[in-house]
Amino acid sequence: MPDDKLIVCRCEEVTLDEIKKAVKDGASTVSGIKKRTRACMGMCQGRVCQSLVKKVLAHESGNQADSIETATSRSPVRPIQLGEII
Amino acid sequence: MKTDVAIVGAGPAGLSAALYLARRGLGVVVLDEYFRAGGRLAGQLYENPKKPPGQRLWDGKAIAEKLSGDVKKAGATILTGVSVWEIAPGSGVFISGGPCQKIAAKAVLIATGAAERAMPVEGWTIPGVMSAGAAQVFANVHGVLPGRKVVMAGIDPLSITVAGELKKAGVEVVGIFLPPPGILAGSSGLPQWVIGELSRSADMAPGTFLKMAGKLFGGSYREVGARLCSLAPANIWGIPLHLRKAVIRVEGEEQVDSVLTARISHDGKIEQEDCRIEADAVCLSGGLYPLTDLIAAAGCPLVSMPGLGGMVPLHGPLLQTQSKGVFLAGSVTGIEGAPVAIAQGHLAGVSIAAFLGRLGKGNRHELDRAVEMVGQAREESPLKFYPGADGARKELAALWDRWKINSAGGNYA
Ligand SMILES: Cc1cc2nc3c(=O)[nH]c(=O)nc-3n(C[C@H](O)[C@H](O)[C@H](O)COP(=O)(O)OP(=O)(O)OC[C@H]3O[C@@H](n4cnc5c(N)ncnc54)[C@H](O)[C@@H]3O)c2cc1C
Chain A
38 MPDDKLIVCR CEEVTLDEIK KAVKDGASTV SGIKKRTRAC MGMCQGRVCQ SLVKKVLAHE
98 SGNQADSIET ATSRSPVRPI QLGEII
Chain B
3 MKTDVAIVGA GPAGLSAALY LARRGLGVVV LDEYFRAGGR LAGQLYENPK KPPGQRLWDG
63 KAIAEKLSGD VKKAGATILT GVSVWEIAPG SGVFISGGPC QKIAAKAVLI ATGAAERAMP
123 VEGWTIPGVM SAGAAQVFAN VHGVLPGRKV VMAGIDPLSI TVAGELKKAG VEVVGIFLPP
183 PGILAGSSGL PQWVIGELSR SADMAPGTFL KMAGKLFGGS YREVGARLCS LAPANIWGIP
243 LHLRKAVIRV EGEEQVDSVL TARISHDGKI EQEDCRIEAD AVCLSGGLYP LTDLIAAAGC
303 PLVSMPGLGG MVPLHGPLLQ TQSKGVFLAG SVTGIEGAPV AIAQGHLAGV SIAAFLGRLG
363 KGNRHELDRA VEMVGQAREE SPLKFYPGAD GARKELAALW DRWKINSAGG NYA
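The listed protein sequences correspond, in order, to chains A and B. Going by the working numbering, the first residue of the first sequence is number 38, and it counts up by one from there. Going by the working numbering, the first residue of the second sequence is number 3, and it counts up by one from there.
It is worth saying that the hints were derived from the structure and are not from the lab. Watch out, some of these pointers could steer you wrong.
[Unchecked claim] Partial pick of chain B residues on the chain A-facing surface, computed with a CB cut under 8 Å:
| no. | residue |
| --- | --- |
| 1 | Ile80 |
| 2 | Pro101 |
| 3 | Glu124 |
| 4 | Ile128 |
| 5 | His268 |
| 6 | Tyr291 |
| 7 | Ala299 |
| 8 | Pro303 |
| 9 | Val305 |
| 10 | His367 |
| 11 | Glu368 |
Values in this document were obtained by computation on a predicted structure and should not be read as measured data. Quick reminder that beta carbons are idealized off the backbone N, C-alpha and C, glycines included.
Please construct the entire structure, taking both the sequences and the accompanying hints into account.
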C-alpha cells in the first residue's frame, strides 16, 4: 500500500508517509507529530486519528502502542464560538 | 442555570442516573450534543440468549424512548443539541449551543460514552465509506440503509453485530473481512489474533462462539470451528466471515463502487490479490474506546487498560473520581454493553445522592444493591467487547485503593 497516499488524519489530510517522516525527523510523542504535521489538530481534535498516530509512533520506535502517552486534553474539548467564552 | 446535578451524556448511563436522582427529588439537567436523547442505545437491536425466553429481545430504540420519557416525567430537564466543553472548576459545566453558558451544579456526572477507533484503508475517504457505528445509526436510528451491497472490514464484536443488524434491515452484506494488514491494523490484521480475541470475548472456544453468535440472530449455524483457519469463510447469520482475507483497497470515483480483497497468510501478510467485489458502501471497524476528552481535561488521571478498550479515567468502586463531586458512569469507564451502562448509571445516581447527603439514613443498603446490580448486568451480557474486562476492573480498583491510601483527601461517599 503506498504510504504517501493513505490519509491518516482526515481533518488535516495528513498521510501515513508524512507521519513516518515526522518520526524520522525526531518526533517521539503525539505532541511532536502535531507540531510537525498538524495531525490531531483539526475539527475532531484527534478523536479519530490519535490512536493511529500512536501506533505509528510505537511501531517506528519499536515500542508498545500503550507506552506512547495520550496527548493532554485541553478545554474547550469541542469547537465553540469565541463569543461563547468572552 | 443552577441545579443539583449536571449530567453530561443522555445515553443509557446518563439517563438511568437522571431517573434515580430526579425520583429522589433532586434537580437534574441532562446535556447531550446529539439532537435526541438515548446515546448509542438507540442503535441497538438484538436478542440475548442468556436471558429467559420472552425477555430476549433488546430493542434499544424503544428502551431509550421509554427511559427518556420517564426521566422527563420524574422532573429532570434534558437539553439536546448542547455540547459540554469544560467541567467548571467549582462545580458544574460550561456549555455551547444551549440557553446559557454555564450550568452550576453541586455534582457532575460524566457519561460521555465511547468513540470508534478508525481503521484506514486506501480509499477510505471516498463517499460511501463509513464506520460500523455510523452504519448502525443509519439503519437502526434513521431507518436509512447505508447501501444495498455492503462490505465490512475489521472483525470484532461490534462489526459482527452491525453486520447482522444490517442484514436484518435488508442490506446484502457481502462479507466481513480483515482490515488491510500493516502498522495501522496491527494485531487486528492477524488471523490467529482475531480468532483468539473473538473467542475470549465470548468466554469460549471459537466454534462455540460462532454457535452462540448464530443463536443471537437465530440464523443457521454450521460446523465451522475446524474451518476457521482455512481459506473458506466461516458463516455467521448467513454472512461470510473471512478470517483469511482482507480488504486492501476501496475504489470508486464519486462514490464507492468496489473493493479489492487479498488472501492473508497465518502471520498476517498479503499472499496474493484475490478479487474485486462490487459494493456501494464499506463499513470500517477498529473497535471502541472510552471518550475521555472532557474528564481528562479536568485533570482526572487516565490509566491504560486494554481490557476496557484503552485509556480509562481512574475511578473508585462507587464511580467517584479524584475530583470531589465529579462522577463517571457507562462506557467512559470502560467499554461494555448497554445493560451494564444502565446499571452503572443507577449506581452513580445512588452514589451522588449519598455524596450530597440525600440518600437518607436507612438507605445505605441501596448502594450495596446498586453495586450488585452492576455485577449482575455484567454476567448477563451476551458479549464482551474486550476480553479481560473483569481483570482490568480489578486492577483499576487496586489502583484506586492505592491512590486513596497515598492521599490525604480520599474521603468520599
Ligand atoms: C458506535 C458504537 C456502537 C455500539 N454498539 C453497541 C451494541 O450494538 N451493543 C451494545 O451493547 N453496546 C454497543 N455500544 C457500546 C455502548 O457504548 C453501550 O452500549 C452504551 O450505549 C453506553 O452507554 P453510555 O451512556 O455510557 O454512552 P452512550 O450511549 O455512548 O452515550 C453518550 C452520550 O454522550 C454524549 N456526549 C459525549 N460527549 C459529550 C459532550 N462533550 N457534550 C455533550 N454530550 C456529549 C453523546 O452524544 C452520547 O449521546 C456501542 C458503542 C459505540 C460507540
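Tested hints:
no.	hint	result
1	Ile80	violated, 18 Å
2	Pro101	violated, 12 Å
3	Glu124	holds, 5 Å
4	Ile128	violated, 11 Å
5	His268	violated, 20 Å
6	Tyr291	holds, 7 Å
7	Ala299	holds, 4 Å
8	Pro303	violated, 11 Å
9	Val305	violated, 10 Å
10	His367	violated, 37 Å
11	Glu368	violated, 33 Å
In this structure, the earlier hints numbered 1, 2, 4, 5, 8, 9, 10, 11 are contradicted, and the remaining ones agree with it.
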